[in-house]
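Keeping the supplied structure of chain A fixed, place chain B upon it in accordance with the hints.
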Amino acid sequence: MLLGRVQPFLKQLLSPVILVLIWEASVRLGFVDSEFLPSPGQILQAMREMGAAELLPELAATLFRIAIGFFIAAVVGVLLGSWMAISSRANGFFYPILASTYAIPKSSFIPLFILWFGLGFWPIVLVVFIACALPVVVYTFHGISEVPKLRVWSALSFGVSRRDLFWSVLLPAAMPEILVGMRIALGFAFTVAIAGEMIVSTTGLGKLIFSYGEGGVYPSMFAVICVLLIVAYVADLLFMAFIDYYLRWLDRGHSSGGGA
Amino acid sequence: MTSDAKIVLANVGKTFKAAGGGEVVAISDASARIGQGEFVTIVGPSGCGKSTLLYMIGGFVDRTSGTITMDARPIEGPGVERGIVFQEYALFPWLTVQQNILYPLKRRKLSKSQQMDEAARLIDVIGLGGFEHRFPRELSGGMRQRVAIARTLAADPDVLLLDEPFGALDAQTREIMQDELLRVWRATSKTVCLITHDVTEAIYLSQRVLIMSARPGRIIDEVQVNLDRELPREECETSAAFAEQRNAVWLKVRHEALAAGMR
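For the protein sequence lines, the chains are A and B, in the order given.
The first sequence maps to residues 1 to 260 in the working numbering.
The second sequence maps to residues 1 to 263 in the working numbering.
Next comes chain A alone, as it looks inside the complex (with noise of 0.2 Å):
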């Protein structure tokens, strides 16, 4: 039993494996100059030397911005476009707004939230809130959208209202879809964290690789990316865990989302 859970996760290990040992080798046998890039034996010390002591404060940092832009972008990215795919009025009101934004990337608003914000907490927030809330609206319009009729015909028969249909029937059902936009989201929330950090930022862990980069202190910058790594692997790994439990209901070997 045991064995068959963890066998998948050994396979996934494999190849980050092999890949650490071509680094290792290569920065020994001198084919890499570890000025430019530290083997992953010095970045482990490095990270030993930093101790938990130095990087705990500022991973909790950056993890606090982080959970909360993902949470308001999860509850106002689920009503807009649960919003906008119930009403087309209101599809048309915020749809160019949304389609003109998809392709900026989002720390590009960094300045600007400087500007309003100052530096410190509510810059990188908002810039993690704007990067989720446009997946979750994406995908939460397209679950809303696609409910199956004779679904909502059942509940209207049942004689709900408009609110408890959407908060029985919709919602529910969009939920596979909305979870999809939410993992996404919370990949995204990562990258633009760190990214704000980098910028503005006097604490978190983008903060600490950008002034390990600047002071040329390669390996313990390479630690900091490496606790990142990991961080926002297992933060998936957890998320894909919360989904399967929470859709536990869903039948996945079927195209037409769900069965009878």
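Bear in mind the hints are in silico, worked out from the structure with no lab data behind them.
These figures come from a predicted structure and were not determined experimentally.
Among the hints, a few may not be true.
Here are the computed lysine-lysine pairs in the DSS-like style, where the Cα-Cα straight-line distance is at most 30 Å [to be verified]: (1) B:Lys112 / B:Lys190; (2) B:Lys106 / B:Lys190; (3) B:Lys109 / B:Lys190; (4) B:Lys112 / B:Lys17; (5) B:Lys190 / B:Lys6; (6) B:Lys17 / B:Lys109; (7) A:Lys11 / B:Lys109; (8) B:Lys109 / A:Lys149; (9) A:Lys149 / B:Lys106; (10) A:Lys149 / B:Lys6; (11) A:Lys11 / B:Lys106.
Same frame as chain A, now just chain B:
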């Protein structure tokens, strides 16, 4: 006009906008009366608009012309007094069997314990005791359809609208469900309107069979079914009277199906 007509369709028409512009007349000038407590089936060739007609009685689809009334009041939308069972895909897959059946019960004026009792009774009726906490994906097609029927019955509608509810079931399950439907109908005096393309099913279940023409759909004929309902199923279905009435309806439907094929 007799006073006990439950549902009256008068010159009902439905026109769809076609994909490439223009219009498709799906139903034209359909008229029928369904009596209080009557069990009526509507049969017709595929594509004749029988489901659309049922959806209009349900109030889910707007009619283009004519009137549909229930208890002499025009139908202008869905209502709890008209329950519907679709062919498939209408259960809420994120709810368990029990939660699906509780869904309409929670929206009736019942106490918590009455809701639970009624759900337990309905689960017993459809023979799914032990499956209360399963999700629809964990059930066979026949079991899902039994849940869908139980869920509709849980709303306690006056009128049951059934859109080929047994079409996707295997032969044995279909017979069991047909007899269960007959039992519920006899026990509750609900009005039933069933759509089917299975003529044997229509004769076995209903008091009256309405026959629809090929598109544009219209009620072109009806057959009053006279069978000895006291007989066990196998004797009933093998009787001469059954065969005679079945053939009469079958010939009329076949005539329409051939007419549809020639267009």
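We went through each hint and held it up to the structure:
The hinted pair formed by Lys112 of chain B and Lys190 of chain B meets the criterion: a straight-line CA distance of about 25 Å does not exceed 30 Å. Among the hinted pairs, Lys106 of chain B with Lys190 of chain B is consistent with the structure: their alpha-carbon atoms are about 21 Å apart, no more than 30 Å. The suggested pairing of Lys109 of chain B with Lys190 of chain B holds, with an alpha-carbon distance near 20 Å, which does not exceed 30 Å. Distance check on the hinted pair: Lys112 of chain B and Lys17 of chain B sit about 46 Å apart at the alpha-carbon level, beyond 30 Å; violated.
Between the alpha carbons of Lys190 of chain B and Lys6 of chain B the distance comes to roughly 10 Å, so the proposed pair stays at or under 30 Å and holds. For a cut-off of 30 Å, the pair hint linking Lys17 of chain B to Lys109 of chain B is broken: about 41 Å separates their Cα positions. Taking the CA atoms of Lys11 of chain A and Lys109 of chain B, the gap is near 55 Å; set against the 30 Å cutoff, the hint is violated. Among the hinted pairs, Lys109 of chain B with Lys149 of chain A is consistent with the structure: their alpha-carbon atoms are about 26 Å apart, no more than 30 Å.
With a C-alpha separation of about 22 Å, the suggested pairing of Lys149 of chain A with Lys106 of chain B holds against the 30 Å cut-off. Distance restraint check for Lys149 of chain A and Lys6 of chain B: the Cα-Cα separation of roughly 27 Å lies within the 30 Å cut-off, and the hinted pair is therefore satisfied. Our distance criterion of 30 Å between C-alpha atoms is broken by Lys11 of chain A and Lys106 of chain B, whose separation comes to about 48 Å.
When each numbered hint is compared with the structure, violations occur for hints 4, 6, 7 and 11.
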